[in-house]
Amino acid sequence: MKNAEISELFDQMADIMEILGDDPFRINSYRKVARLIGDMPTDVEELFKSGKLAETPGIGKSSLAKIEEFLKKGTITAHKDLLKKIPPTLLDLLKIPGMGPKGVKAVYENLKVKTIDGLKKAIESGALANLHGFGDKKAATIAKGVEFLRSATGRIRLDQAAEAAEIVCNFLKGLTDVEKIQVAGSFRRRAETIGDVDILVVSSKGEKVISSFTSAKFVEEVLASGTTKGSAIIKTSTSSVHVDVRVVPAESFGAACQYFTGSKQHNVRLREIALKAKMKLNEYGLFDKQDKMVAGAVEKDIYKKLGLDYIAPLLREDRGEIEAAKNHKLPQLIELKDIKGDLHIHTKASDGICEITELAEAAKKLGYKYICITDHSHSSAIAHGQSAKQLADQIKKIHKINEKLKGITILTGTEVDILADGSIDFDNKLLAELDFVVASIHSGLASSREKVTSRTLKAMDNPYISCIAHPTGRLIGEREPMDIDMTAVIKQAAQTHTALEVNAHPMRLDLKDTHCRLAIEAGVKLAISTDTHRLDGLIFMGYGVATAARGWAKKRDVLNTLSLAELKNWIKKKR
DNA sequence: GCCGTTTTCGGCCCGACTGTTTTCAGTCG
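Heads up: the first sequence begins at -11 in our numbering, then just goes up one per residue.
Any given hint could turn out to be false.
[Said to hold, decoys possible] Heads up, simulated BS3-like pairs for lysine-lysine below, C-alpha to C-alpha not over 30 Å straight-line:
| no. | residue 1 | residue 2 |
| --- | --- | --- |
| 1 | Lys394 | Lys353 |
| 2 | Lys293 | Lys542 |
| 3 | Lys126 | Lys109 |
| 4 | Lys252 | Lys280 |
| 5 | Lys325 | Lys392 |
| 6 | Lys168 | Lys217 |
If you're looking for bench data, these hints aren't it; they were derived computationally from the structure.
All chains, please: the whole structure from these sequences, using the hints.
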């Protein structure tokens, strides 16, 4: 799949044109193509061949020709030509917070700085501070930016963002001048990684609230502190998180929620719709041509006045939700309360740390009707996988526990390894004893596209395998997904009556949102599971539900919204 | 570079904060 490479090339062309001072609107169209291709869950080559790429709004003749060239030759002439115009290392400078295209151009032309190391020297010698348009403070900001780039990956996981949001919200709740608090930004949309946490506050004492925030004890560093906006790095138990707090007037609260929730692309589309209707939309409200506010205090009213159904934050990515809202075709999204059980759980028997009964009791408190115990199979030696005998004993043990247990049922299961040749770690006779089987790949993740794909397809042919767990194997920020043909996997899942897992762990979120959407469109059931190894991991279910919902999942698209009887019937159909 | 229920040419989203300035440019979201 060449989507990521093509997306990267278009972004690079846009970067170079920015440094060269090219037409901003032209640059924007390159960025748009980069985003569109990067977001596509389907192989761009397939879309090109079927002619669907040419129909995609935002991809015109010129971009299409460049993409075609890349598919045929592996390079884009326009990209090579642009690269000749600047030293390629200037693109690294652009990644430094505080350095934009103008700054990069200025240091290159005036100081002959081409690299981050060169920039560091220019900062140390004072040359940067003496440059026209710069100064001591700006040089210091850029020096910090260089450090930031070296230390951090820049983006954090959902659970890390959640902790930061909780710390700051709890603090703000304690301030007397704060009337309302709302977390916005990519965290509200439950994007898979978060850049910074945006928190909105209604208050008439903006400056006071901001200065309280920036001087709070959890603040490591203050980045900005004005009358309506404070920006700081705060300390959590696992990381340092960039948090922005913005104070807005009550009459603009809804507009601010809308604006700061984004995504940027979604907002651009809304403002275009406003302009066409002779109105203006900004973070203070929606205004008619006499500049009179027609909506602002309530977020839903903004959408209503623009002629749209209310769009849930999870869908605000400009992936068709605006058209659907216009035509009253938005899905009724799945919610956490629809979940009736967790189908992927580890215990002490393999690499978990809990007893079966502890997990069952905790799940009961969450309102679940069933859980499935799925310890590893013996090939996963690192995870202390169970032998066939150990699994057989565990089945008996679970039956016994079920006899005494009230209010929740424990299903017997396993997370069985898909071996290198696509065969399964246990024989079918043993698998037939189990209520529910998830299968997954834990070895050879870096092998070829053909290999990892055919292993997965073969596993799905097994009548006892009800679900493929973490289908791409990615670990966000740590490990790339396998090079697996998801179109083929989804097709096979539909044909073989196999569910695909949405692993809810914030480090996995696998399937990801766009793959969820493809699976749903193909009629595949999703199983949202935590894959927990400990008690407190059960609460990650919400991230999985959000990811599925970002893929437009409704309740009926998700396996573990079924009652126990319905679930058993569903499993029986394949056997 | 892309697009069209005002348009095949002429538009293309909007504001806060900062720092370097003498009224504004650059960056960010």
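* Which numbered hints does this structure break? -> none
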